[in-house]
Amino acid sequence: MQQEVVLAMLAKEPSSGSRLRARLNDALGPLGDAVNDGQIYVTLSRLESAGFIARQEAGVPEAGRKAYELTAAGQERVAEWLAEVSWPRPDLAEFHLKLVAAAQAGLADPIGIVDAQRRELLRRLREVERAAMAEPDDSQAGLLLEGIVLRLQADLRWLEACERLWMNRRKK
Amino acid sequence: MSENGADASIVRARGLRKEYGSGEGLVRAVDEVDLEVAPGEAVAIMGPSGCGKSTLLHLLGGLDRPSAGELWLAGKRIDRLSERGLAQFRRHDVGFVFQAFHLMDELTARENVELPALLARRSPREARRRATQLLDQVGLSDRAGHLPSALSGGQRQRVAIARALANQPQIVLADEPTGNLDSAATLEVLRLFEELHTAGITLVVVTHDERIAATADRMISMRDGAFVGQTRLVGGTGGNLADLAGLGG
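Quick note, the sequences are listed as chains B and L, same order.
When we follow numbering that gives the first Met the number 0, the leftmost residue of the first sequence carries the number 0, and every step to the right adds one.
When we follow numbering that gives the first Met the number 0, the leftmost residue of the second sequence carries the number 0, and every step to the right adds one.
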């Protein structure tokens with residue numbers, strides 16, 4: 000997880016690590032477990048060394064825990080990050096070339112490879128779908144799960160296109 | 000149970016075939032399909048448009064007759080029924096769900112759900128009682144008096160599913176039930192199917208929606224009128240959800 004995520008979550012209000020943890024859990028639902036406490040504390044101490052956050056001097060400490068707040072540099076970094084348009088890149092070329100190489104060398108049937116891949120993606124889709132079904136309506140985490148579902152669906156549709164092409168090749 | 004049909008399957012098809020046209024123009028929309036569906040099972044039949052999956056569903060539900068083959072539903076031989084017997088079979092033993100909902104626009108949600116019970120000659124009071132209960136089951140009690148035009152796509156399909164259950168059918172057959180729905184409404188239908196599944200209702204869905212296939216007990220792939228493979232997607236490894244969201248490592 001990007002350290003900017005932790006930084007931006009602090010923008011709402013100064014928070015302790017445990018408070019941040021609870022807010023991340025709200026936003027991530029069943030995926031919250033993947034972010035461990037250690038990660039949050041390590042990220043906080045890195046952000047502190049980088050001068051993006053500082054321990055709060057004034058105010059009421061939450062049950063004796065340290066609350067962190069954004070510094071001016073931290074605020075600036077959050078603003079930059081919000082404006083960034085980076086996006087994870089899917090790596091489809093590897094699978095595409097796997098099919099090409101397998102077919103050219105006669106090593107394996109591309110359709111069989113597509114089939115196996117489809118089963119794997121369907122298995123993942125099933126898992127995400129089950130988690131999505133368990134979320135209440137309007138849950139923030141449900142929206143994240145919907146995003147995963149839609150991406151898996153896109154991949155499955157591409158596999159369908161792969162199957163069509165390689166099926167036609169086989170018929171020739 | 001009838002001849003050769005004495006088994007635990009709800010659906011049992013042997014060498015099922017449906018042909019259109021003749022001579023050079025002969026098309027086998029369904030080509031020697033064998034199928035067994037166990038009680039309470041949720042089966043998804045997937046394939047591209049034109050693969051024959053809708054035709055197959057129509058055969059299973061008695062909306063159309065096979066050109067050849069044998070078909071039993073809940074131990075009853077369907078392919079030999081008279082027109083009248085077939086109509087009765089459709090009314091009492093099968094619940095249908097369609098892509099375009101097929102609700103009566105001028106009837107309220109409740110009236111739509113009552114209709115199959117009334118057609119099956121139940122008393123209006125009984126039909127009303129059942130409709131109220133079903134709308135509650137699909138989470139639409141507060142929309143019972145609405146016309147379909149006042150409902151969202153997901154809600155219309157939930158009404159259609161309630162209607163399909165009106166006569167406590169042996170099996171629910173669905174043809175692209177999420178084909179007209181957006182992602183959120185698809186989830187509503189998936190949830191409802193899951194509830195039906197938990198309640199032990201047998202479900203056969205033909206679809207090209209991977210989301211339905213992924214949540215069924217069994218997925219059958221169909222191409223050119225025939226089954227080309229099937230998969231059981233039981234379980235799931237657990238724990239890789241976070242990876243899929245980019246939270247891993």
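The hints are simulated quantities; they were obtained by calculation from the structure and are not laboratory data.
Note that the structure is predicted; figures quoted are calculated from it, not measured.
Wrong hints could be hidden among the right ones.
Subject to a maximum C-alpha distance of 25 Å in a straight line, what follows is the list of computed DMTMM-like cross-link-like pairs (lysine to aspartate or glutamate) [claimed, not checked]:
hint, chain 1, residue 1, chain 2, residue 2
1, B, Lys170, L, Glu23
2, B, Lys171, L, Glu40
3, B, Lys97, B, Glu47
4, B, Lys97, L, Asp242
5, B, Lys65, B, Glu75
6, B, Lys97, B, Asp108
7, B, Lys170, L, Asp30
8, L, Lys75, L, Glu40
9, B, Lys170, L, Glu194
10, B, Lys171, L, Glu23
11, B, Lys170, L, Asp242
12, B, Lys65, B, Glu47
13, B, Lys171, L, Asp242
14, B, Lys97, B, Glu119
15, B, Lys170, L, Glu40
If you want the ones that stay clear, here's a sample from chain L, every Cβ over 12 Å from chain B, calculated [claimed, not checked]:
hint, residue
16, Tyr19
17, Glu35
18, Glu40
19, Arg64
20, Ala73
21, Arg79
22, Leu85
23, Asp104
24, Thr107
25, Gly152
26, Phe192
27, Gly199
28, Ile211
29, Gly245
Backbone N, C-alpha and C fix where the C-beta goes; we use that ideal spot for every residue, glycine too.
(request) Check each numbered hint against the structure and report the violated ones by number, ascending. (result) Numbers 2, 3, 9, 11, 13, 15, 26, 28, 29, in rising order.
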